[in-house]
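*Asks:* Residue strings, one per chain:
Number of protein chains: 2
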Amino acid sequence: MLDESGSKISPRTISRLPVYWRYLKELDDFGIERISSRELAGRIGSTPSQLRQDLNQFGHFGQHGYGYPVEELLSSISQILGLNRTRKMIIVGMGNLGMAIASYENFGRRNIKLAALFDVDPERIGTVVSDVQIQHADEMPKFLEENQIDIGCVSTPPEVAQEAVTTMEHGGVLGIWNFAPVKLQTKLPVEHLHLGDSLLELLYRIGRREDK
Amino acid sequence: MLDESGSKISPRTISRLPVYWRYLKELDDFGIERISSRELAGRIGSTPSQLRQDLNQFGHFGQHGYGYPVEELLSSISQILGLNRTRKMIIVGMGNLGMAIASYENFGRRNIKLAALFDVDPERIGTVVSDVQIQHADEMPKFLEENQIDIGCVSTPPEVAQEAVTTMEHGGVLGIWNFAPVKLQTKLPVEHLHLGDSLLELLYRIGRREDK
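Top to bottom, those sequences are chains B and L.
Numbered continuously in the working numbering, the first sequence closes out at residue 1691.
Numbered continuously in the working numbering, the second sequence closes out at residue 1691.
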């Protein structure tokens, strides 16, 4: 029942799957075996009916009155999200943001392995972050030729982000995780994390409250 | 026609407004006065019909065949997003992520003023970032008593994020911009930026491609 067609799961549901995954992972770590739809929905700020609607899109879980089996549900969501295999990631741009990303503790939980770090600043090259040494960005094409990399993370200044992405795409990277506030030309899937957009949404919500 | 009721604009539209704002701001900076719905939609990866549907929710812009007036549209969106007034922000947690946020160049464009930075690490206290000196977090309650702060940015380790938010809420902060991977108890609006969730969405999309 797992998402065979590729068209069953709605984009809104997909954006909620990482949140479900996070809470189920916590429950599983604590050894909790079952959770009611009401309780799980409450934890993630959703409603039991939305939760059921989401989960019904990729399988039949839970029996009325018995709740969801945590481990089984976690395993299904992990599989949909592709967490059952290790993915290799490189980061280009080791300023404060790149350093913060490279130091992020939760990659291991998500089966992500940091494979290489790149920058152009001579003062940064050679520094070791999370057991990986920063190399010069000129080394990237050769590195990609010799290593199959899944995720290319871009935390460069915006004006060089496109160049980094082009190199990554040519080098066989499968997807781009982009922190640079710039639109990228690429055929690869791109996930943007745009600080400014997130801040504007907060400003909007603050303003709405003041109007009331 | 501007969003008087507070219920006219859908959440999906709101999440797209920051993107519209960014592209319109660029066009305006370049002195472009009009843009067709097709072109604007293309730039933001949307369709002309969705664009029209979004913009019709807060005003009547554009005439068939004449396109949208850039400055007027930008000004309306700025007003809806609350960008017509300056907002003061503080950041708690000046590790790599806090440093990256404090160094973000685009706050000025969004009328955000960095008012104070806090940490507990003696080695960081006293350091100046973007013209603001890092203070000890113990100073935060007093600072909030003396200054009206709009946005509290949390980039602390997860285990102290709640404490920071509680202090901010008591100190009269209006909204929380949260980078800590933890659910917060607060009555304030919270905008989360969760690195792990974003990465999982990318993993899902990479997996989908491989399946094809």
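Do not rely on the hints blindly, as some may be mistaken.
Residues from chain B that keep clear of chain L, each with C-beta distances beyond 12 Å, as calculated [as the list claims (entries may be wrong)]: (1) Ser1494; (2) Arg1513; (3) Gly1538; (4) Glu1550; (5) Ser1557; (6) Ala1594; (7) Gln1614; (8) Asp1617; (9) Glu1625; (10) Val1639; (11) Glu1642; (12) Leu1653; (13) Pro1668; (14) Gly1675; (15) Glu1689.
Partial pick of chain L residues on the chain B-facing surface, computed with a CB cut under 8 Å [said to hold, decoys possible]: (16) Trp1500; (17) Leu1562; (18) Leu1576; (19) Met1578; (20) Gly1651; (21) Gly1654; (22) Leu1663; (23) Leu1674; (24) Ser1677; (25) Leu1678; (26) Leu1681.
These are computed hints drawn from the structure, not numbers from a lab.
Here the structure is a predicted model, which means the values were calculated and not measured.
Ideal Cβ positions, reconstructed from N, Cα and C, are used throughout, including at glycine.
*Asks:* Taking the hints in turn, state whether each one holds.
*Replies:* Hint-by-hint comparison with the structure:
1. Its beta-carbon lying about 6 Å from the closest one in chain L, serine 1494(B) breaks the requirement of being farther than 12 Å from that chain.
2. With a cut of 12 Å on Cβ distances, arginine 1513(B) stays outside the contact zone with chain L, its closest approach being about 21 Å.
3. Here glycine 1538(B) stays apart from chain L, with its beta-carbon at least about 16 Å from theirs, past the 12 Å limit.
4. Even its closest Cβ contact with chain L, about 19 Å, leaves glutamate 1550(B) beyond 12 Å, as expected for a residue assigned away from the interface.
5. At roughly 10 Å, the least C-beta separation between serine 1557(B) and chain L is not larger than 12 Å, which violates its mark as non-interface.
6. Annotated as non-interface, alanine 1594(B) keeps its C-beta farther than 12 Å from every C-beta of chain L; the closest such distance is 15 Å.
7. For glutamine 1614(B), the non-interface assignment is confirmed: its Cβ lies about 19 Å from the closest Cβ of chain L, beyond the 12 Å cut-off.
8. Look at aspartate 1617(B): its CB is around 24 Å from the nearest CB on chain L, clear of 12 Å, so calling it non-interface holds up.
9. Residue placement check: glutamate 1625(B) keeps its beta carbon more than 12 Å from all beta carbons of chain L (closest about 21 Å).
10. For valine 1639(B), the requirement that its beta carbon stay farther than 12 Å from each beta carbon of chain L is met, with the minimum near 15 Å.
11. For glutamate 1642(B), the shortest C-beta to C-beta distance to chain L comes to about 19 Å, beyond the 12 Å cut-off, and the non-interface label holds.
12. Non-interface call for leucine 1653(B) relative to chain L: violated, since the shortest CB-CB distance, roughly 5 Å, does not exceed 12 Å.
13. Not every C-beta of chain L lies more than 12 Å from that of proline 1668(B), the closest at about 4 Å, which undercuts listing it as non-interface.
14. Listed as a non-interface residue, glycine 1675(B) fails to keep its Cβ farther than 12 Å from every Cβ of chain L; the least gap is roughly 5 Å.
15. Its beta-carbon lying about 7 Å from the closest one in chain L, glutamate 1689(B) breaks the requirement of being farther than 12 Å from that chain.
16. With a cut of 8 Å, the hint placing tryptophan 1500(L) at the interface with chain B holds, because the nearest CB-to-CB distance is about 6 Å.
17. At a threshold of 8 Å, the smallest CB-CB gap from leucine 1562(L) to chain B is about 7 Å, leaving the interface hint in force.
18. The criterion of a C-beta within 8 Å of any C-beta in chain B is met by leucine 1576(L), whose closest approach is roughly 4 Å, and the hint holds.
19. For methionine 1578(L), the interface hint holds, since its Cβ comes within 8 Å of a Cβ in chain B; the closest pair sits about 4 Å apart.
20. A distance limit of 8 Å between C-beta atoms decides the matter here; for glycine 1651(L) the minimum to chain B is near 12 Å, and the interface restraint is violated.
21. Because the beta carbon of glycine 1654(L) sits about 4 Å from the nearest beta carbon in chain B, less than 8 Å, this interface hint is met.
22. Given the 8 Å rule on beta carbons, the hint for leucine 1663(L) is violated: about 11 Å separates it from the nearest Cβ of chain B.
23. Given the 8 Å rule on beta carbons, the hint for leucine 1674(L) holds: about 6 Å separates it from the nearest Cβ of chain B.
24. The beta carbon of serine 1677(L) is positioned within 8 Å of a beta carbon in chain B (closest approach about 5 Å), and the interface hint is therefore held.
25. Checking leucine 1678(L) against chain B: minimum C-beta separation of about 6 Å stays under 8 Å; hint holds.
26. For the restraint placing leucine 1681(L) at the interface with chain B, the shortest Cβ-Cβ distance is roughly 4 Å, inside the 8 Å limit, so the hint holds.
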